[in-house]
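There are 2 protein chains.
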Amino acid sequence: MYLMTVVISNTKVAEIPGISAAGKSTELIKYTPPADIEYIFYGKPKCIDAIPVTPEGHPTPAIITKAAKEIMNFPLIPIRAGSILPPRTPHIYASSTPGGDIRFEDGSPEHEKLLEDGIILGKELRKFDLVIGESIPGGTTTALAVLRSLGYDAHTSSAFKDNPVSLKEKVVNMALKRGKSVKCCGDPMISFVAGMVIGHGNAILGGGTQMLAVAAIAKEEGYKPKLIATTKYIANDKSANFKEIAEEIGVDYYISQIDLSKSKYKGLREYEIGYVKEGVGAGGALYMAEKSGIKLEDIEKKIEELYGRLIE
Amino acid sequence: MYLMTVVISNTKVAEIPGISAAGKSTELIKYTPPADIEYIFYGKPKCIDAIPVTPEGHPTPAIITKAAKEIMNFPLIPIRAGSILPPRTPHIYASSTPGGDIRFEDGSPEHEKLLEDGIILGKELRKFDLVIGESIPGGTTTALAVLRSLGYDAHTSSAFKDNPVSLKEKVVNMALKRGKSVKCCGDPMISFVAGMVIGHGNAILGGGTQMLAVAAIAKEEGYKPKLIATTKYIANDKSANFKEIAEEIGVDYYISQIDLSKSKYKGLREYEIGYVKEGVGAGGALYMAEKSGIKLEDIEKKIEELYGRLIE
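Order-wise, the sequence lines are chains F and G. Using this note's numbering, the first residue of the first sequence is number 120, and each one after it goes up by one. Using this note's numbering, the first residue of the second sequence is number 120, and each one after it goes up by one.
There may be inaccurate statements among the hints.
Put simply, identical chains are the same to the list, so a pair is met inside one copy or across any two.
To be verified - Straight-line distance between alpha carbons at most 25 Å, and here's what the computed SDA-like set of lysine to any residue pairs gives:
no.: 1; residue 1: K414; residue 2: E189
no.: 2; residue 1: K242; residue 2: Y426
no.: 3; residue 1: K381; residue 2: R207
no.: 4; residue 1: K246; residue 2: I190
no.: 5; residue 1: K345; residue 2: Y121
no.: 6; residue 1: K163; residue 2: D417
no.: 7; residue 1: K232; residue 2: A169
no.: 8; residue 1: K343; residue 2: G176
no.: 9; residue 1: K280; residue 2: E146
no.: 10; residue 1: K242; residue 2: G162
no.: 11; residue 1: K131; residue 2: T173
no.: 12; residue 1: K296; residue 2: P174
no.: 13; residue 1: K289; residue 2: R428
no.: 14; residue 1: K165; residue 2: E235
no.: 15; residue 1: K131; residue 2: K345
no.: 16; residue 1: K165; residue 2: E229
no.: 17; residue 1: K246; residue 2: M120
no.: 18; residue 1: K338; residue 2: S300
no.: 19; residue 1: K383; residue 2: M120
no.: 20; residue 1: K246; residue 2: K421
no.: 21; residue 1: K163; residue 2: E231
no.: 22; residue 1: K232; residue 2: Y161
no.: 23; residue 1: K165; residue 2: T216
no.: 24; residue 1: K420; residue 2: E229
no.: 25; residue 1: K299; residue 2: S215
no.: 26; residue 1: K385; residue 2: R297
no.: 27; residue 1: K143; residue 2: R222
If you are wondering where the hints come from, they were derived from the structure by calculation, not from laboratory data. Since this is a predicted model, take the numbers as computed values, not measurements.
Chain F on its own, in the form it takes in the complex (with noise of 0.2 Å):
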């Protein structure tokens, strides 16, 4: 039976201007990860007035998601593992501390601690199949510098539709002059995450490129997940090499084709050409829908239906 939970984290890595499109804003990003569960769970957010968009305003990937679990009713527990803020729902508690600046500072300085509690969390829940997803602002940038510091030629994908890559390159690059472990380089949804791999021994990582960074900590310590579930938009992604990457982890994907060309609303159908491209479980929504024999067209009908609601 499937069981999909939400990590939702933040670091300061997020706050260097022009790194994450995960917000309208800098100032607006700390909000983003529980905005996006309190949008699933409440059809708005209640920390915020206003969904979490990109800055030209494309919605966030919880759309995806709650398209999905509408029609499939997936059970969904939202996890915060060093999110700013509370998700305005019940949730499993496993850290309020964010990550620092990495070009200074520790992005996961409770690594030992979280990896611990995620695999114990990831024990108790063994008996389901395990669906695991995120919202962290930024989190892209850690995860490069999670796979580089373990040898990958890693390059993550971004929100935007240009990837900031020189941007993320240099910040990377600093932090891996300060050291190479996930507490030094990494994010506390990594180090949670890859617990709940190595507890679970089959969990499905709902993600793209920040997902690959889990699995190859995971395979540090001997485990991996069954697989990463994600949109064509991180596997079609040319700045980054998801497909090369995961391959040479040696971790299975799955990768859904859902298409947003023909909506009528512009933030959607700009999905198409690399906006925003996942995030909050979205391919793990998609692949558990998909495995449940619902098909692409009635989430996209859906997501369709869940836009018109949010800008009327």
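Given chain F, put chain G in place with the hints provided.
For chain G alone, kept in the frame of chain F given last:
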């Protein structure tokens, strides 16, 4: 598929001398809820050195829950709903605000929010066979107040062999003079679990007379649990009237015939003469185990083994 949750909470009622046996002393009682959880997860508490015992040294009923869990390996998620301390495990966060002393102040000051969040969580967990236990010192007194406020001629059990009936009556009467709502007379566990029962629609309550108060509140809103699962120690308690009130509320019940009379340990054997009786979801854990075809004999053996490990 079974999913067990244990809701932990505190109120200042437990600080009234002589009212609660959920700890060696009034000082130590506040550690009991998280210590119960930590004992189940780690084999010993982390927030304090020793496992919770009654003033006379009888071990926490968490030992029954742990025995069933070790044999059948059901998933257990702790829920913090107003406990003073968090358990040092991943857990669902609902509230960190304990209740007051119902003689003078509200027992469940955040009742509305807890009920609402309980409903949200209960709904989310609808696909599971949800079993809910509790650990809240002083909880039989607040349960008594809630049942009386609704007009039931209830008598609740106690973890003491000799139920401090007249003290409980005095506290309850003072509370009822202040008001007749759950917020006034109840406790955070009752508020949250009543919400879970409403949201889930078919939850199994693992516990004794405290769960009658939960069922009675849910009934006021038009909902019922599937049943209340408890131990024969509660059903046989002549200072209480579990079956009578369950029938009056119209809620089904299951009585586990667990037998610790042959234990070589006095601490366990004396469960048979009325010490401890129930708690930490013991009845619910026994229900799950028995329904899954596990023999009581095997659970009793496991309890013996666990207690042996504790006192060595």
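Exercise for review: First find the shortest C-alpha distance between K232 and Y161 inside one copy, then the shortest across copies, and answer within, between, both or neither for a cut-off of 25 Å.
Suggested key: between (31 Å within a copy, 15 Å between copies)
**Study point:** Homomeric proximity label, K289 with R428: Cα distance no greater than 25 Å
**Key:** neither (40 Å within a copy, 55 Å between copies)
Review point. Are the CA atoms of K381 and R207 at most 25 Å apart within a copy, between copies, both, or neither?
Key: neither (34 Å within a copy, 49 Å between copies)
Practice item. With 25 Å as the alpha-carbon cut-off, assign the pair K143 and R222 to within, between, both or neither. Key: within (24 Å within a copy, 50 Å between copies)
**Study point:** Homo-oligomer pair classification [Y121, K345; C-alpha up to 25 Å]
**Key:** Both: 13 Å inside a chain and 23 Å across chains, each within 25 Å.
Check your understanding: For the identical chains here, do K242 and Y426 meet the 25 Å Cα criterion within one copy, between copies, both, or neither?
Key -> Classified as between; 24 Å across copies, 37 Å inside a copy.
**Study point:** Homomeric proximity label, K246 with K421: Cα distance no greater than 25 Å
**Key:** between (30 Å within a copy, 22 Å between copies)
Point to revise | Intra- versus inter-subunit Cα pairing at 25 Å for K165 with E229 | key: between (28 Å within a copy, 18 Å between copies)
Review point. When no copy is named, should K296 and P174 be tagged within, between, both, or neither for a Cα gap of at most 25 Å?
Key: neither (31 Å within a copy, 57 Å between copies)
Check your understanding: Is the C-alpha distance from K343 to G176 at most 25 Å within one copy, between copies, in both cases, or in neither?
Key -> Neither. Shortest intra-copy (36 Å) and inter-copy (45 Å) distances fail the 25 Å Cα cut-off.
Check your understanding: With identical chains treated as interchangeable, where does the CA-CA distance between K232 and A169 reach 25 Å or less: within a copy, between copies, both, or neither?
Key -> between (34 Å within a copy, 23 Å between copies)
Exercise for review: Evaluate K165 and E235 at a C-alpha cut-off of 25 Å and name the case that applies: within, between, both or neither.
Suggested key: between (31 Å within a copy, 14 Å between copies)
In summary, the structure is inconsistent with hints 3, 8, 12, 13, 15, 19, 24, 26 from the numbered list given earlier, while agreeing with the others.
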